[in-house]
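Protein chains in written order, with numbering that gives the first Met the number 0: chain A, 0 to 162; chain B, 0 to 162; chain C, 0 to 162; chain D, 0 to 162.
No copy labels: a pair is met if it fits in one copy or bridges any two.
Okay, derived cross-link-like pairs now, DSS-like style, lysine-lysine, Cα gap no bigger than 27 angstroms in a straight line:
| # | residue 1 | residue 2 |
| --- | --- | --- |
| 1 | K123 | K74 |
| 2 | K1 | K77 |
| 3 | K123 | K77 |
| 4 | K25 | K145 |
| 5 | K25 | K1 |
| 6 | K145 | K1 |
| 7 | K145 | K27 |
| 8 | K27 | K77 |
| 9 | K27 | K144 |
| 10 | K1 | K144 |
| 11 | K27 | K123 |
In case anyone wonders, no lab produced these hints; they're calculated from the structure.
4 protein chains.
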Amino acid sequence: MKIGIIYYTHGGHTQEMAEQIAEGIKSKDIEVRLFSLDDQLDDNYLNDCVGIIFGTPTYVATSHWRVVEWLTSNKSVKLGGKLGGCFATAHYAQGGSDSAIMSIVGVLLTKGMLVYSGGAALGKPFIHHGPVALDAEGTHYEEAKKMFTIFGERFANKALELF
Amino acid sequence: MKIGIIYYTHGGHTQEMAEQIAEGIKSKDIEVRLFSLDDQLDDNYLNDCVGIIFGTPTYVATSHWRVVEWLTSNKSVKLGGKLGGCFATAHYAQGGSDSAIMSIVGVLLTKGMLVYSGGAALGKPFIHHGPVALDAEGTHYEEAKKMFTIFGERFANKALELF
Amino acid sequence: MKIGIIYYTHGGHTQEMAEQIAEGIKSKDIEVRLFSLDDQLDDNYLNDCVGIIFGTPTYVATSHWRVVEWLTSNKSVKLGGKLGGCFATAHYAQGGSDSAIMSIVGVLLTKGMLVYSGGAALGKPFIHHGPVALDAEGTHYEEAKKMFTIFGERFANKALELF
Amino acid sequence: MKIGIIYYTHGGHTQEMAEQIAEGIKSKDIEVRLFSLDDQLDDNYLNDCVGIIFGTPTYVATSHWRVVEWLTSNKSVKLGGKLGGCFATAHYAQGGSDSAIMSIVGVLLTKGMLVYSGGAALGKPFIHHGPVALDAEGTHYEEAKKMFTIFGERFANKALELF
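Construct the complete structure from the given sequences, taking the supplied hints into account.
Right, here's the structure in full:
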């Protein structure tokens, strides 16, 4: 079973959190590969995936346009029917990170994905729309890493259960 | 296999579209029951459901507060892990029906549901966030009925496939 | 010149942040009154206001339904043409506070308000959609208080400039 | 007094609706210029504007990434304090046009704009988040043109009133 993580990163934070999620997925014995939108994607691998997670930095209180650009233009990776998830990094609590996540959730629905975050149904940490890490709010960024790994575990568990 | 539809209706349009969806679900030999938020819900039935669809009229360009009230207050129906979907009725194209749907999608994610619309992945009719019927735009309301039934079929097919 | 703050509070945090905003408004010599949705509102006062700010706790990753209920039902307070703003309290960074704010922003637009946050245009603190205070993320809640006061000052300055 | 309209168009519909809005603005004796994101923008003109309206086609149920790209990258046009508005074109009622508009509204707030649609406060046609034209729903596209002109008039009136 395979899962992919597609992200855009500018300063490296979104990539680092993608790696945290990957740790959680690997711990469930699922293969996972990370794809930066600055590199060539492996369409064959992504088509084989049962789930794809999208990561974005928060710019102007929404997702980075590079993520939406890929989701708009992509014709070669079939997303319909796969499990979909989202995460975001941001500077501040009021920075718009869940608006960023929800802007991608709407697209994933349009692509026919089963969108899943685990929400508050799996106990703490509650991960409402998707995990968020804030790099300018005290030690939030470092402390959030564990939540991203747990998100990876939960997403992987759901994939194992469904597919 | 059971599916539930929970809706708030004021003038009856949202209920009528719930019935259209139910037709589609029944055509796949899945049991379906409709619950108006003005009546007593059957928690046992809803807990047995593999999927729940939420319907709302569009008021002030968002979902009706009665739907969010139920989603906020409900402790007895477990939503986590179930398939979730949304639909809306509205007067006008610019009335905010997708915003209404997305306002519920965000809550369903928080509740741990697998949110699904079929999107554009299943061909026409494309149902991006969920089906919409407009009662003050020419004949849209009557013509949209078929799309609601198709949404029910697609939602039912996905439930059969997953559970 | 008068400004009003309408909020729903459950545990008191949203009220406390409303008071912080009021401090900022008063510092610009504008009259300000706070209205909890649990109390009787003063429609005459609110109709005299040049701006109204709405505050909500974040529940299930959106605004509390009591705020939307009031915005849906209210016929006696004319909102059109007034300056509008929003703020939210939440527990966690990933709790949906911006989604809560944006869910109200959409309604305020529908009511014909001029929606304003100051954004990043006025320098730090950047207040994207509106100020947010998180009570379960370290010391964020206490530290955020100053941002709420600054939001009040900026909102008041804009009101003085426009009206 | 000057107003600008910035839009991205693929097949020409968004441009055509921008022109409809411009008619409404011109009828109030305000200068208006249209800028396609495929062309060079006139930063001096835009900086002189008291208001800027953004137009987008709806792709994957959100705004086109080209609009968000410009809003993310632009450093030379100062948006803070200006009146801001949005409109969208889409194929279908369930296509996500108000999600598209709201995705831009969130950015305009972050840029410090006064976001305004007129809403339902000015009587019919009610223009909730911004005007919408659907080209695959009967005759909606042609019939919507008048609403776009009215939106231009309302936006212009508000600019005259405020600045």
